[in-house]
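Engineer: Those protein sequence lines, which keep their order, are chains A and B.
Taking my numbering, the leading residue of the first sequence gets 1, the next gets one more, and so forth.
Taking my numbering, the leading residue of the second sequence gets 1001, the next gets one more, and so forth.
Think of the hints as simulated: they come from the structure by calculation, not from any bench.
All values derive from a computational prediction rather than experimental measurement.
Heads up, a few of these hints could be off.
[Said to hold, decoys possible] SDA-like mimics (lysine to any residue), calculated; alpha carbons at most 25 angstroms apart, straight line:
1) B:Lys1125 / A:Pro285
2) A:Lys276 / B:Asp1189
3) B:Lys1015 / A:Arg165
4) B:Lys1164 / B:Ala1081
5) A:Lys209 / A:Leu111
6) A:Lys276 / B:Thr1248
7) B:Lys1298 / A:Ser273
8) A:Lys213 / A:Gly84
9) B:Lys1164 / A:Val275
10) B:Lys1298 / B:Gln1315
11) A:Lys156 / A:Leu144
12) A:Lys213 / B:Gln1246
13) A:Lys24 / A:Met65
14) A:Lys209 / B:Asp1204
15) A:Lys36 / A:Glu312
16) B:Lys1164 / A:Ser277
17) A:Lys276 / B:Thr1003
18) B:Lys1018 / A:Tyr162
19) A:Lys36 / A:Ala290
20) A:Lys276 / B:Ser1173
21) A:Lys276 / B:Gly1256
22) A:Lys276 / B:His1302
23) A:Lys156 / B:Arg1280
24) B:Lys1018 / B:Leu1057
25) B:Lys1059 / B:Gly1044
26) A:Lys276 / B:Glu1170
27) B:Lys1018 / A:Leu111
28) A:Lys209 / B:Arg1260
29) A:Lys69 / A:Leu111
30) A:Lys276 / B:Thr1247
31) A:Lys276 / B:Leu1029
32) A:Lys276 / B:Thr1002
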Amino acid sequence: MVAQEETRTAPPLLEVENMSVIVKLTSSERVSAVDKVSFNVGVGETLGLVGESGAGKSLTAMALMRLHKTEVMDVTADRINLDGRDIVRMNSREIRSIRGSTIAMIFQDPLTALNPVLTVEAQLMESIRLHNDMSRGRARQRALELLDMVQIPAAKSRLSEYSHRLSGGMRQRVMIAMALAGNPKLILADEPTTALDVTISAQILDLLKELQKDLGVGMLFITHDLHAVRTIAHRVAVMYSGRIVETGDVSTVFSKPKHPYTEGLLSARAHGSFVKSGHRLREIPGTVPAPTDRPQGCYFGPRCNRRSAECEGRSPPLEYFGHTGIACFNPLQKG
Amino acid sequence: MTTRLEITDLVVRHKTRKGTVYAVSGITLEIGAGETLGLVGESGCGKSSLARAVVGLNKPTSGTLTINGNQIDTRRHGQSAREIQMIFQDPYGSLNPRLTVWELVAEPLRVHRLRTRAERGDWVKGLLDRVGIPETMHDRLPHQLSGGQRQRVGIARALALEPKIIICDEPVSALDVSVQAQVLNLLVDLQSEQQLSYLFISHDLEVIRYVSHWVAVMYLGVIVEIGSVEQIWTSALHPYTRALMQTTDNSETLNGPEVRLNSELPNPLAPPSGCRFRTRCPLAIERCADEDPALRQKGADHRVACHRVDEWANQVSASA
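Whenever a hint applies, use it, and build me the whole structure from the sequences.
Structural biologist: Structure (structure tokens):
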């Protein structure tokens, strides 16, 4: 179920260069929760951003939407180009004008992201009329179209529902409809299927994949679920403790991982039957370090089975070999 | 293989403001010594209600539980604690935040007045060693541990009374993948060392496949299919099981036609008449609305509750 690959030559829709999210712990203490990440998302492309908790995935999305708490966090970057405009230097009014219209977000938990005292119709109409100059009647029609697009059955009767009356899957569909209301070019989906049951999750993944293809939008799909990335993304970036450690085409990274962390993550995942074959799962010893507690040199070093003296000295930069980028001094199957 | 735990016709009813939910409506299962029965199903299907009733945290409405051949009182208050223990999904929520790691593991022994003080010390240390908690952590409080360490403490605590049956309710769902492997390896090692029997609940099918000898699929309070892990993975017969299996990475190993579900779990307060799955089933016929399908034997140790299983079974074997 690997997504179809195509060659893309157009300039990327989103270009992020050396973006850091710096958290202010005390007046003098600061820590880079996200540490100089660079990636891009092409038009009509899905990039899967995958990592364990504490990797900095959600902070990355928040920083791109500029939804981070500015009192406690700073975002710095050499460049964040979205659809040809640099959003690092935008003021809050300009940011508001692109939020929802150029870049839209789908959150993990639609129950908290949706307004509990407004009906589906009221919330959809609000998003639609905020981004489009439309009469109420036309906006209502558009709301119905959007609910149809996200395949909500009997859309008309759902308009007057409140979010708590909808099932988890339906809520997520409403969230997706709202994200589409401003005709965005880039969708940030932050763990959109994590809270859902497997059968519903499969439905939502199918829907997102279909919409992404039909509308030709770019998508940044954030998840800890390797299976979801494999199903939906064209390319993947693996994050560990605030850094991107490996990036490349989904099929390559999953079949021939080069970074020891990626390889460890793929083989640590439960697979096969212990009862039948008696194989143990490969463990990655230890846990992800807290941003305040990172080791010297490579952050993955202490947990890595391929570490050498070099790894403790300095942090390996992300280097490209063809389409694949790896931040490791001792990668697997080099080249 | 001796049967260690027998659950017969268990019913668990919850009364809510809006009506009565039959979270478990007549389930019969058995688990042998040293074996794992994996229980899968979507949230709201009654998995946890079943687990809690077996361990004694819920009082079942009816049904019997037999442990090692002795029928036990399902309205018991902790008498079977030495025989059945539970490992919870969220060790943070299930460990007393004011007790140290050491106290948490020693507490069950104290409550049950087992072993002398001196013996307890050695026993607790042995348990913590076994689950991989170093001595430097014995004085820590739960919030000072990582998720994986907390789950290790939860496991040590469950083992303190030397139970032979352990109910694992989503024990690795809250953990990161790299830590999941550590905990799963520990659980399968402990099983072979101590001949433990697990009732293992998870929504993660790959995890279920890895640990289970047998797999039971639950839908709205009933078992719709049960069989060996191999049978379920390669020749699942119930349309619901097939839909679940097709969401996994290894769906290509499944023989036969594909089933896609387009709708969601119906309201458990008013389950559909007849077959509970029929509202989502692409194969439903009139009979399914009238008649509740019973679990029927389909091959050795494989049982399925579906009216159309025979037609379906032919298709599965034809394409195999």
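Engineer: All hints, please: hold or fail.
Structural biologist: Hint check results:
A threshold of 25 angstroms between alpha carbons decides the hint, and for Lys1125 (chain B) with Pro285 (chain A) the separation of about 22 angstroms falls inside it, so the pair holds. Annotation: proposed proximity of Lys276 (chain A) to Asp1189 (chain B) holds, straight-line Cα distance about 15 angstroms (limit 25 angstroms). Of the supplied pair hints, the one linking Lys1015 (chain B) and Arg165 (chain A) holds, its CA atoms being roughly 20 angstroms apart against a limit of 25 angstroms. The suggested pairing of Lys1164 (chain B) with Ala1081 (chain B) holds, with an alpha-carbon distance near 10 angstroms, which does not exceed 25 angstroms.
Between Lys209 (chain A) and Leu111 (chain A) the alpha-carbon distance is near 22 angstroms, which keeps this suggested pair within the 25 angstroms criterion. Restraint check: the Cα-Cα separation between Lys276 (chain A) and Thr1248 (chain B) comes to about 18 angstroms, which is no more than 25 angstroms; the hinted pair holds. The suggested pairing of Lys1298 (chain B) with Ser273 (chain A) holds, with an alpha-carbon distance near 22 angstroms, which does not exceed 25 angstroms. Simply put, Lys213 (chain A) and Gly84 (chain A) have alpha-carbon atoms about 22 angstroms apart, close enough for the 25 angstroms limit, and the pair holds.
In summary, the hint linking Lys1164 (chain B) to Val275 (chain A) is supported, as the alpha carbons are separated by about 18 angstroms, within the 25 angstroms threshold. This hinted pair checks out: Lys1298 (chain B) and Gln1315 (chain B) have alpha carbons roughly 14 angstroms apart, not beyond 25 angstroms. Taking the CA atoms of Lys156 (chain A) and Leu144 (chain A), the gap is about 7 angstroms. The hint holds against a cut of 25 angstroms. With a C-alpha separation of about 22 angstroms, the suggested pairing of Lys213 (chain A) with Gln1246 (chain B) holds against the 25 angstroms cut-off.
With a C-alpha separation of about 19 angstroms, the suggested pair Lys24 (chain A) and Met65 (chain A) falls inside the 25 angstroms cut-off, and the hint holds. Restraint check for Lys209 (chain A) and Asp1204 (chain B): satisfied, since their Cα atoms lie roughly 22 angstroms apart, inside the 25 angstroms limit. A C-alpha spacing of about 19 angstroms is found between Lys36 (chain A) and Glu312 (chain A), which places the hinted pair at or below 25 angstroms, so the restraint holds. About 24 angstroms separates the Cα atoms of Lys1164 (chain B) and Ser277 (chain A), which keeps this hinted pair within 25 angstroms; it holds.
Straight-line distance between C-alpha atoms of Lys276 (chain A) and Thr1003 (chain B) comes to about 20 angstroms, which keeps the hinted pair within the 25 angstroms bound. Under the criterion of a C-alpha separation no larger than 25 angstroms, the hint pairing Lys1018 (chain B) with Tyr162 (chain A) is consistent with the structure, at around 18 angstroms. Our distance criterion of 25 angstroms between C-alpha atoms is met by Lys36 (chain A) and Ala290 (chain A), whose separation comes to about 17 angstroms. For the hint pairing Lys276 (chain A) with Ser1173 (chain B), the CA-to-CA distance comes to about 23 angstroms; that is within 25 angstroms, so the pair holds.
With a CA separation close to 23 angstroms, the supplied pair Lys276 (chain A) and Gly1256 (chain B) stays within the 25 angstroms bound. Taking the CA atoms of Lys276 (chain A) and His1302 (chain B), the gap is near 17 angstroms; set against the 25 angstroms cutoff, the hint holds. At most 25 angstroms may separate the alpha-carbon atoms for a hinted pair to count; Lys156 (chain A) and Arg1280 (chain B) meet this at roughly 22 angstroms. At most 25 angstroms may separate the alpha-carbon atoms for a hinted pair to count; Lys1018 (chain B) and Leu1057 (chain B) meet this at roughly 23 angstroms.
For the given pair, Lys1059 (chain B) sits about 18 angstroms from Gly1044 (chain B) by alpha-carbon distance, which is consistent with the 25 angstroms threshold. Restraint check for Lys276 (chain A) and Glu1170 (chain B): satisfied, since their Cα atoms lie roughly 22 angstroms apart, inside the 25 angstroms limit. A threshold of 25 angstroms between alpha carbons decides the hint, and for Lys1018 (chain B) with Leu111 (chain A) the separation of about 21 angstroms falls inside it, so the pair holds. A distance of roughly 16 angstroms separates the Cα atoms of Lys209 (chain A) and Arg1260 (chain B); the hinted pair therefore holds under the 25 angstroms criterion.
In summary, the hint linking Lys69 (chain A) to Leu111 (chain A) is supported, as the alpha carbons are separated by about 21 angstroms, within the 25 angstroms threshold. The suggested pairing of Lys276 (chain A) with Thr1247 (chain B) holds, with an alpha-carbon distance near 22 angstroms, which does not exceed 25 angstroms. For the hint pairing Lys276 (chain A) with Leu1029 (chain B), the CA-to-CA distance comes to about 22 angstroms; that is within 25 angstroms, so the pair holds. Pair hint Lys276 (chain A) plus Thr1002 (chain B) holds up; C-alpha atoms about 20 angstroms apart against a cutoff of 25 angstroms.
The structure shown violates none of the earlier numbered hints.
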